[in-house]
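*Asks:* The listed protein sequences correspond, in order, to chains V and L.
86 is the number of the first residue of the first sequence in the working numbering; add one for each residue after it.
86 is the number of the first residue of the second sequence in the working numbering; add one for each residue after it.
Same chains, same label: a pair holds when it works inside one copy or across any pair of copies.
Using 30 Å as the maximum straight-line C-alpha spacing, the simulated BS3-like pairs for lysine-lysine come out as follows:
1) Lys206 x Lys340
2) Lys89 x Lys453
3) Lys197 x Lys313
4) Lys89 x Lys119
5) Lys89 x Lys450
6) Lys266 x Lys206
7) Lys89 x Lys457
8) Lys456 x Lys89
9) Lys433 x Lys245
10) Lys403 x Lys89
11) Lys340 x Lys266
12) Lys233 x Lys196
Because the hints were derived from the structure by calculation, they are not lab data.
Remember, it's a predicted structure, so these values are computed and weren't measured experimentally.
Chain by chain, the residues run as shown.
Protein chains: 2
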Amino acid sequence: MNTKRIGILGGGQLGKMMGIAAQPLDLDFWILDKSLDFPAAHSCTHFVEGDFTNYEDVMAFGRQVDIIGIEIEGVNDQALQDLENEGKNVIPSSASLKIIKDKGLQKQFYKKYNLPTASFKLYDGPDDISDAVATGSLVYPFVQKVRKGGYDGQGVSIIKSSESKLLRASSLVENLVDIKKEIAILAARNQSGQIHIYDPVEMVFNEEANLVDYLFCPAQLTLETQVKAKFLVSKLINEMDIVGLLAVEMFETNKGELLINEVAPRPHNSGHHTIEAAMTSQFEQQLRCLLNLPLGGTALRSPAIMINILGAYAYTGKPIYDGISEVMAMENVYVHLYGKKETRPFRKMGHITILCDSIESGLQKKEKIQKKLRVIA
Amino acid sequence: MNTKRIGILGGGQLGKMMGIAAQPLDLDFWILDKSLDFPAAHSCTHFVEGDFTNYEDVMAFGRQVDIIGIEIEGVNDQALQDLENEGKNVIPSSASLKIIKDKGLQKQFYKKYNLPTASFKLYDGPDDISDAVATGSLVYPFVQKVRKGGYDGQGVSIIKSSESKLLRASSLVENLVDIKKEIAILAARNQSGQIHIYDPVEMVFNEEANLVDYLFCPAQLTLETQVKAKFLVSKLINEMDIVGLLAVEMFETNKGELLINEVAPRPHNSGHHTIEAAMTSQFEQQLRCLLNLPLGGTALRSPAIMINILGAYAYTGKPIYDGISEVMAMENVYVHLYGKKETRPFRKMGHITILCDSIESGLQKKEKIQKKLRVIA
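Can you make the complete structure from the sequences, with help from the hints?
*Replies:* Dropping the structure here:
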């Protein structure tokens, strides 16, 4: 339909699901990633083998397409900036991506724009943190987060005492927040400045893996909190001048405050339920943003629960989805497998969306599914 | 997920939409058709260039896969039968496909099993028909249908008088039916014999092109007629021993009778709305049938209208979807473009599904869309 060529850096599950959404719209959709074994390889019009962290690979790829998007933040910054200078449309912009990739800059941004977030300090590394503890300017317990490259539960550590091991990287340190719940809100903004916001989701974590175990939508929030949260997100996406999706993770504290935790400028795990549960899936929405098309509706069609299918703890190797056929026999259950060639403990291998009349009834189905389905090797 | 390799004969829009449905399930999904320019080329794991009417091409393709399906009836019969004899799983079976491909055998089948259909006679060709008219055993007006190869409004002619031109092929001739409405019901049956039936849709034709102009679901039928229609379809799919989808087109006469018009043993134009409007899309349902998985739910999530996007009358060439961006700005409107490289008058270039609170409100949106959107070249 559109003669513009879209190129996405990254061929994991997010690239794959964007690619699936691109097909009904007949889009020219290219992917750059290391190997044809990756999830998105057969969900695009062209798959280019290369490394999205490598300057030359990104430049060569970017010059072949009209619009450059991402499915992961850890791409080569310099190449994105140079492609912008060559007149390419890079979404999100290299400037906003630079802020988001560095949790320190992210936090400073929130502070600058009066966006609520947990109080924090920045440290160059574990030695500085130890010094601060020694001088009493920092007290246990606290949360240490590496500024760059943390992903899927990596790079975050709760430091309870001198016994806890500090992460060896430039970090931000936050006070422990008195968390009541963790929510996420997905917003979309196109180049014309149109903004659409999805309903908040509530996330429940797998403590062991520090990954989302399941989420449900709508989040159980008071109407006042919902309105406040959506307002915050619309302020944030505007101030950051983001084009495309922005997934905003927030804490609701026991005092009823909302604190922004972190953001991702791309489709996000917390939006997977939108494929079946919202009027427009986050993946189609991202394509609409990339092409500066009018945004699609974000209304929820049905309450939903999303479960990540994680690799079982003790298995590494070619995945076997034990119990999948029984899961597919359940009504209103939608299976998404990413096609990863190897399962590993807690690796995200797929997800399942349950459409339900109420979150309560959906949670019963979730329990059954989690008992039946195991990714072994 | 499933190590079985699916091979589909035909790479048009139905193959493409099956291929899109295969991706979230991580299926090994192969397509055979003439050219990589065809719609399904980038919606499969492997596209094999070849001719599905050619014995050698189908045999070579079929031997590479485990389960053979179709997206069009006009495939090489002998090859399907020989592949079955070699132990391949062919769905639908060559025996049922043989009946369905020949409208004469189809009608005889209905008669044999007491399934209601318009009365008919078979003729070897136009000369026999003329003779029958001459001897008075056949009287004007009547409908002539070629027994084999008719498709998308081709091969059907209403013969009003000796002025009307007879089709030059082995044909069946039916009395004109006093049609109140045309409906279609989609049913699915897996190898275990599980049957799921979708809600009836009502079809409105573009008289000029003799193609479905739009359809809506649920059809406006009395509860009694709905029940009767679904019962007929479940009897039919069982008697024909169909595995996979069976789309059944029926007439409701002004007297309230239901008459089976014709069937197709595959995903069908009358089921496109199921992608957004039903709990399970017809394309995922067909994959479940091919793999003998439990069938998915067929409940309607929302009333829906489906419009075919047809090539505008006066244009042939590289398609331009004039007005598409305005259409995408409408809420609850889902665009599907098939990616055909050339538009031609009345060619099916895509479809649009409108989700609506009521058919009445949806029809207003349909009118707007049909005014805005034109496929030109």
